[in-house]
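Trainee: Sequence:
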Amino acid sequence: MTARWQSLSNRLDRMSSGWTIAIAIGVYALYLTSVMPAQSLESQAYAGDWGGPDRHFFYTPDELYAQVATWGAAGRQQYINFRLGLDIGFALTYAAFLITITSVAGRRAWPDDARRRRLNLVALLPMTCDLLENALGIGLVAAFPARLDAVAWLTAGVTALKWLSLALAHVVMVYALVAAIRRHVQDA
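Just so you know, we're using numbering that gives the first Met the number 0 here: the sequence shown kicks off at 0 and counts up by one.
Hints listed in this document are in silico derivations from the structure and should not be mistaken for laboratory results.
Only a predicted model underlies this, so the values are computations on that prediction, with no experimental measurement involved.
Every residue, glycine too, gets a C-beta built ideally from N, C-alpha and C.
Wrong hints could be hidden among the right ones.
[To be verified] Ranges between beta-carbon positions, derived for each pair: (1) Ala142 - His183: 20 to 28 Å; (2) Asn80 - Gln185: 48 to 56 Å; (3) His55 - Ala142: 44 to 52 Å; (4) Asp61 - Met35: 22 to 30 Å.
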């Protein structure tokens with residue numbers, strides 16, 4: 000299994016360059032400055048200040064269903080449509096941002112340490128959680144008014160794991176960047 004993870008890490012590392020970092024930053028900036036603010040305004044129209052469940056670190060099934068009940072059919076459909084479209088792109092975009100920067104920094108910081116360079120894989124966890132959260136959330140909202148409390152608890156747990164792993168992926172990226180800068184200064 001370690002060989003498969005190493006192979007994936009190596010593949011992501013080979014795809015990472017200054018150009019892919021620039022593209023990832025550009026697309027990420029586009030999402031942060033236009034797509035996500037527009038979505039926030041749309042969701043505010045049906046979900047009010049609470050917004051979608053994926054904006055919260057954790058919530059209970061009762062909190063979720065109380066909110067979903069206020070969305071109306073059009074709001075629930077908008078929630079589903081966004082999670083089936085642009086939100087998938089957002090997860091891929093922030094993962095690309097984190098992976099490319101971590102990969103290039105790791106390559107410079109630890110050129111002979113393939114094990115440490117596998118840290119570029121950490122960014123796959125929040126992306127995977129985000130996509131799973133979307134799938135589970137779509138199922139919950141589509142099934143409404145039926146209550147699927149076990150699935151709602153699972154979704155809330157996946158959401159919390161997404162936020163924790165996203166913070167960890169950023170910490171790993173900064174760690175790799177600091178290590179790359181330190182190595183550059185030592186080699187100069």
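Trainee: For each hint, tell me whether it holds in the structure or not.
Mentor: Hints versus structure:
1. Taking the beta carbon of each, Ala142 and His183 are about 53 Å apart, not inside 20 to 28 Å as hinted.
2. In this structure the hint that Asn80 and Gln185 lie 48 to 56 Å apart at CB holds, the actual value being about 51 Å.
3. Checked against the given bound of 44 to 52 Å, the beta carbons of His55 and Ala142, roughly 20 Å apart, lie outside it.
4. The beta-carbon spacing between Asp61 and Met35, approximately 27 Å, falls within the hinted interval of 22 to 30 Å.
Of the hints listed earlier, those the structure fails to meet are numbers 1, 3, in rising order.
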